[in-house]
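Sequences and hints are given; from them, build the entire structure.
Chain residues, written in single-letter form:
Number of protein chains: 2
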Amino acid sequence: MKLKGRLYGVGVGPGDPELISIKACRILQLADVLAAPSSSVEGTDIALDIASYYIKPSTEILHLPFPMTSDRTVLEQQWDKNARSLQERLDLGQNVAFVTIGDPMIYSTYIYMLQRLVKLGYDIETIPGIPSFCASAAVAQIPLGKGGDAITIIPGDPQKVLDAQSGISGTLVFMKPSGHGRKIAHMLAQAGYRNATLISHAGQRGQKIWRDISAADWEDIDYMSIIIARKDEW
Amino acid sequence: MKLKGRLYGVGVGPGDPELISIKACRILQLADVLAAPSSSVEGTDIALDIASYYIKPSTEILHLPFPMTSDRTVLEQQWDKNARSLQERLDLGQNVAFVTIGDPMIYSTYIYMLQRLVKLGYDIETIPGIPSFCASAAVAQIPLGKGGDAITIIPGDPQKVLDAQSGISGTLVFMKPSGHGRKIAHMLAQAGYRNATLISHAGQRGQKIWRDISAADWEDIDYMSIIIARKDEW
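Here the protein sequences line up with chains A and B, keeping their order.
According to the working numbering, the first sequence is numbered sequentially starting from 1390.
According to the working numbering, the second sequence is numbered sequentially starting from 1390.
A hint or two may mislead.
As the list claims (entries may be wrong) - Here are the simulated DSSO-like cross-link-like pairs (lysine-lysine), alpha carbons at most 27 Å apart as the crow flies:
#1 A:Lys1535 <-> B:Lys1620
#2 A:Lys1393 <-> A:Lys1508
#3 B:Lys1470 <-> A:Lys1535
#4 B:Lys1535 <-> A:Lys1620
Read the hints as simulated data drawn from the structure, not as lab findings.
In structure tokens, the structure reads:
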């Protein structure tokens, strides 16, 4: 039996080809197939342009159309179709790099591929990237958060300002929660955040993931940890 | 007259030495002085460890103490002192790389150095990095935001959950606001966000920064733009 390939979700960073990570470069160099979302939206071409610097000449480019529509049925059908295109390559044993501008876990089309292929048991690795808001803060010399500030990231629609103001928030991210772990876990449970995951030492030696933070042993969890909480299943 | 050196704020990423950007590596290789915040907190050593892979042998390492205290007077005095240490090196014409884990604009000690040295007119460049929450989302395979979700980043203290729920938020970041620019600008003004900056094509050809978004020509601003808004001066 032929071994299946691995799917990589590769964040190429905010647009400057130098702001890609060394790891993303390495993954692009080993990819058999470069999968690039294509749409009428500008950012998708930039991701492909940046990735093209780093791939080997033999790498095949697979364009996957992501239509700009709010019709959920049309979207779901196309996402299913794109996921099947990726599956075909993975089943052939090819390693596929799906590229996104910025970070793959922040408003990218990769998320819809990940959702589908995780369920089917494919081997998947996501390579984080520098989000565009970090690059923007850097060039404008504005801190995003200092001291006790919260940072709220809102996709385009202004209605979301109102939602954020009234406390309806898709995802809560707690940085360095260890000193207040039990308290945060309790508050999240009270507030209906049923999906709260604790990640310690992400991508480093000693990495640990608790899918249920009520089971975390807070005395054992150090500074370099993160809680990601949602009310719904993603 | 001797030319002054440049201060670089360098994000080395979330902890995996491969998750540093190519640009950050290049800057570390040209630095005369590597300034590393040192404290009892774990992350600071990781930043220095990662940076040490990439510097040239002659690079001097300057340890700057950042005490872990909530006493504002002690903190301010130490920040002033550290800023003076950096100034001395810059005045000698040395290029100084101040390293931070993650991204320099997200809860880093670099922000306090930037605040002081910007006011004094020093030449400063910030190199963004991959934040730890992106690396955490990647390894846990949880999207941070999809569709219309907002993402709220909260530093450790659980009180901040309450603040976020009641709409008191340090920084609002709007991604891809161009389609709703005027509406967002109006809502921000109404809600008391007096410091709203629009950044287009950060770090790329055609980069533009509007310090006053009411002056932005929205017909001319495309998809790849970001608004960063605060109620107060930082």
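Consistency of the hints with the structure:
Our distance criterion of 27 Å between C-alpha atoms is met by A:Lys1535 and B:Lys1620, whose separation comes to about 14 Å. With a CA separation close to 15 Å, the supplied pair A:Lys1393 and A:Lys1508 stays within the 27 Å bound. This hinted pair checks out: B:Lys1470 and A:Lys1535 have alpha carbons roughly 19 Å apart, not beyond 27 Å. Among the hinted pairs, B:Lys1535 with A:Lys1620 is consistent with the structure: their alpha-carbon atoms are about 14 Å apart, no more than 27 Å.
In this structure, every one of the numbered hints holds.
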